[in-house]
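These protein sequence lines map, in sequence, to chains A, B and C.
Here the first sequence is numbered in my numbering, starting from 1 and rising by one per residue.
Here the second sequence is numbered in my numbering, starting from 1001 and rising by one per residue.
Here the third sequence is numbered in my numbering, starting from 2001 and rising by one per residue.
For the record, the hints were derived by calculation from the structure and aren't laboratory data.
Do not rely on the hints blindly, as some may be mistaken.
Unchecked claim - The list that follows gives simulated cross-link-like pairs (lysine-lysine, DSS-like), each with its CA atoms no further than 30 Å apart:
hint, chain 1, residue 1, chain 2, residue 2
1, A, Lys335, C, Lys2125
2, A, Lys335, A, Lys643
3, A, Lys478, C, Lys2125
4, B, Lys1175, B, Lys1033
5, A, Lys382, B, Lys1175
6, C, Lys2125, A, Lys382
7, A, Lys426, A, Lys382
8, B, Lys1071, B, Lys1163
Letter by letter, the chains look like this.
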Amino acid sequence: MTPEFGHFALALALPVALVQSCIPLIGAQRRDAALMAVAGPAAMAQMLLIGLAFATLTQAFITSDFSVVNVFQNSHTAKPLLYKISGVWGNHEGSLLLWVFILAVFGATVAAFGNNLPDRLKARALSVQGMIGVGFLAFILFTSNPFLRLDPVPVQGEGLNPLLQDPGLAFHPPMLYLGYVGFSMAFSFAVAALLEGRVDAAWARWVRPWTLAAWSFLTVGIGLGSWWAYYELGWGGWWFWDPVENASFIPWLTGTALLHSAIVVEKREALKSWTILLAIITFSLSLLGTFLVRSGILTSVHAFASDPTRGVFILALLAITVGGSLTLYAIRAPKLEQGGLFAPISREGGLLINNLFLATAAATVLLGTLYPLIAEAFELGKLSVGAPYFNTVFIPLMVPLAILMGIGPMLTWKRGDLRGILSRVKAALAAVALVFGVALLLSGFSVTDVAGAAGMGLAAWLAVATLTEWSGRVRLFKAPIDESWRRATSLRRASYGMTMAHIGMAVLIAGVSGSSAWKQENILTMVPGDSVTVAGFDITLNGADVIRGANYESLQGNFTATRGGNAVTLTPERRVYDQPVQQTTEAAIHTTFWADLYVVLGDGPDESGRYVVRAYFEPFVPFLWYGILMMGFGGLISLSDRKHRVGAPRTSDTVAAAAGA
Amino acid sequence: MAAVNQKRWTFLLPILIVALLVGVFAKRLIDVKGGQDPSLVPTVLLDTPVPALDLPPLPSRGEGLRTADLKKDVSLVNIWGSWCVACLAEHPLLMNVAAENAVPLHGIAWRDDPSASLRWLARNGDPYDLIGQDPVSEAAIAFGVTGAPETFLVDGDGVIRYKHTGPISREAWDKTIAPLIEQLRQ
Amino acid sequence: MIKVSLLTLSLFVATLAQAVEPGEVLEDPALEARARVISQDLRCVVCQNETIDESNATLAQDMRRLVRQRINAGDTNEQVVAYMVDRYGDFVLLRPRVTPQTWLLWFGPILILVLGGVVVVRVMKRPASNVGEALSQEELDRLDSLLPEDNETS
């Protein structure tokens, strides 16, 4: 397969996407089944064509075909295979290709498994999906062609930024894109519903699995990025409130809100226009992230080499997509409103307040991220907004949300019983008191200690309240154990998914609080033979050796860490890559269940043979990863629920009939 | 979260916010396209006296740089280093300025090994009247410097009148800096 | 996705240091703790949104050293920060000061929460009318028979 073949396939995908975006839409308008039926094959063809283009580019990377500019600029023959492959999306053009490929895969999935969807909704959703495809394919073909050739052909490539040559970062972008692009399905369904002029419980059920899938991927994708920053940047930080991190976090917040508000649409036929708006906004914010990274409009360490021409193109895409859908929203949404009574103390009331806090949090992060730009545009001066701001405003919004999360699932629909709930949260309150007290006794009484202990108490509250809710469902200890068992095994997977994700959030809160409050560090110089004690670990530097890796040279330190008679060897590295010549640090991390011991080898040896050593004790950092994995896994469990399975056999068009379409 | 009978304009709110943001982005893109670098930070030191300086000279190069040296005449202070690639690009212009004797030109060798600075000057020419060493960024921070090269135009009373970030182009010299020097001398 | 901006590379290529170095640390732990607190609110001006505390850039290192120098000389935290602001402007602050220029930034979140709260209260007070277009009970029943209902609530 020559690169031209890939380019040709990609060019062919554009008219196919055009067909997909126009014909089914006309068909839906005219109720012409034949025209609507074009959507499915077109979506399939689009996926195959873009898939071919992607495969061609990947092949060029694997075989180090440096006649392709993109491969020349981002690859090298000595690179391990994994990083040759991840190099495909380690650059602007290739990552965009991955973006549209995932978009096409989602479209094709709807085409293949969406047999239970009403024909017109399906045709319209696929048509909207096609329109997004048209925009991005045009963007690639006209401004960012990954298949450009180079003549004469260089013998060697320029290599991939060593920071990107890392397992965590190899999979971070695909996961993130699966999340971003996954929200395009919710967007397409929302626009399709606006075109139809009706939103009902069935619609909410069709949208939820896509949102759930996207949300789970995005959760894991953000987690991977955070994990990478933690072990790679050499000082144990895991979240920086960098504009590009925020760009992925904002759609996560609105996506989480969408996940919950869709439940209200499904159960109570309420919050319809708000849910539609959330679906539009969530995908729009995903597009915004793409725009910010590639336009050079914001300065961030994560930004691709910026190009204002591309920026103009994406901004136009953004303006058309978001502007168009929101205009449609402004016209159609006022007619959607209806719905039942909202008691303040009820499940739907709780979900409404959940949405209030999540939406405010998302707006806050967006405001902080864009404020330097806004300030400059209105000539309010040049200023910076960083972590201290975000921590100050974000945490107060998250605390009430986490408290509410504990009781929300206990509330019943329509009218909840607050008194009954107060009696059910006794165990959770006791857990708060216990954990808070023990944490204070173990740590101390400084301001940070109290804050950390309070965070731990909050985590305990959420975890125990969530478990209480689950045990209430299975009537644990209230019914004979075999009945509880029967109930536990017949509980819906969606319910287990919720329990798992909420406990994951509790674990995450514990990780955030504990690692922020009780991190210990020791920065010092050591000569081989020296020892230092950090959080009960005796760490001895044995020496350091130069070793040779696949495409780098490394100074590898050798430390022994002992605690309570157990010794482990730690080998932090300082690497210098061959091409491009760049230095990276590889921290050595010893993980116990509760904490990480994190050792970095800094400068050295100097004339007297001394090395700079940084040793950190990072309590509860592993909880961050446990929590994120539980949340992502919870989403997938819920996704596997029968009611969410997209392809479940079902008498097709009857659903639409039942819904009174 | 719209209520029943809600005013229609609330449904327009999202698109108004988006329109505003698109406007902000578009303005920024136009600025960037017009050659403005978004990472440039304008100095807050304009029209303030130069910071107190007492920088040691490079070895074998006479006097260092002191505040008093900047209060004699309109002068330029150029922050530079032998490690700085962009400084090399700017250098021919500075040599030209020195050759024309247009204005006293002083250098601050920022975070540089003195012998490396001297070798660099020997190789590329030495346009500076006075040079002060700034090994730990004392002067650089006092001048609010964010990178090299940066050039400050100081008037005869030792007040900062202009700052140029990055290498000075011929165009910037002819159109901005040279006329300013003329103006300040009057 | 990490690509250091070209400008930063070309203007500021210097040796790689790594956040706080052992030689920088003040002997008095109380003073050192103050230095860390101050450093975490100051932006590394050659970096993109990094604090000087975590930055590897040499200028950040020198700014950290200067912060410690000022502390040793008896400056209060506010005086140290003011020293930096005098030279770099508000740009150097990662926690912008509350001024008319930043009112929207600081009070915007509260405003959004309050306005949202008002809407929430209105939604909750709204009568259960206007369900004309909603599904009839018959339709709902039929829908439930087609889409398996989650009786346990989720």
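Cross-check of the supplied hints:
{"no.": "1", "hint": "A:Lys335 <-> C:Lys2125", "result": "20 Å, holds"}
{"no.": "2", "hint": "A:Lys335 <-> A:Lys643", "result": "28 Å, holds"}
{"no.": "3", "hint": "A:Lys478 <-> C:Lys2125", "result": "37 Å, violated"}
{"no.": "4", "hint": "B:Lys1175 <-> B:Lys1033", "result": "20 Å, holds"}
{"no.": "5", "hint": "A:Lys382 <-> B:Lys1175", "result": "26 Å, holds"}
{"no.": "6", "hint": "C:Lys2125 <-> A:Lys382", "result": "44 Å, violated"}
{"no.": "7", "hint": "A:Lys426 <-> A:Lys382", "result": "51 Å, violated"}
{"no.": "8", "hint": "B:Lys1071 <-> B:Lys1163", "result": "17 Å, holds"}
The structure is inconsistent with the numbered hints 3, 6 and 7, although it conforms to all the rest.
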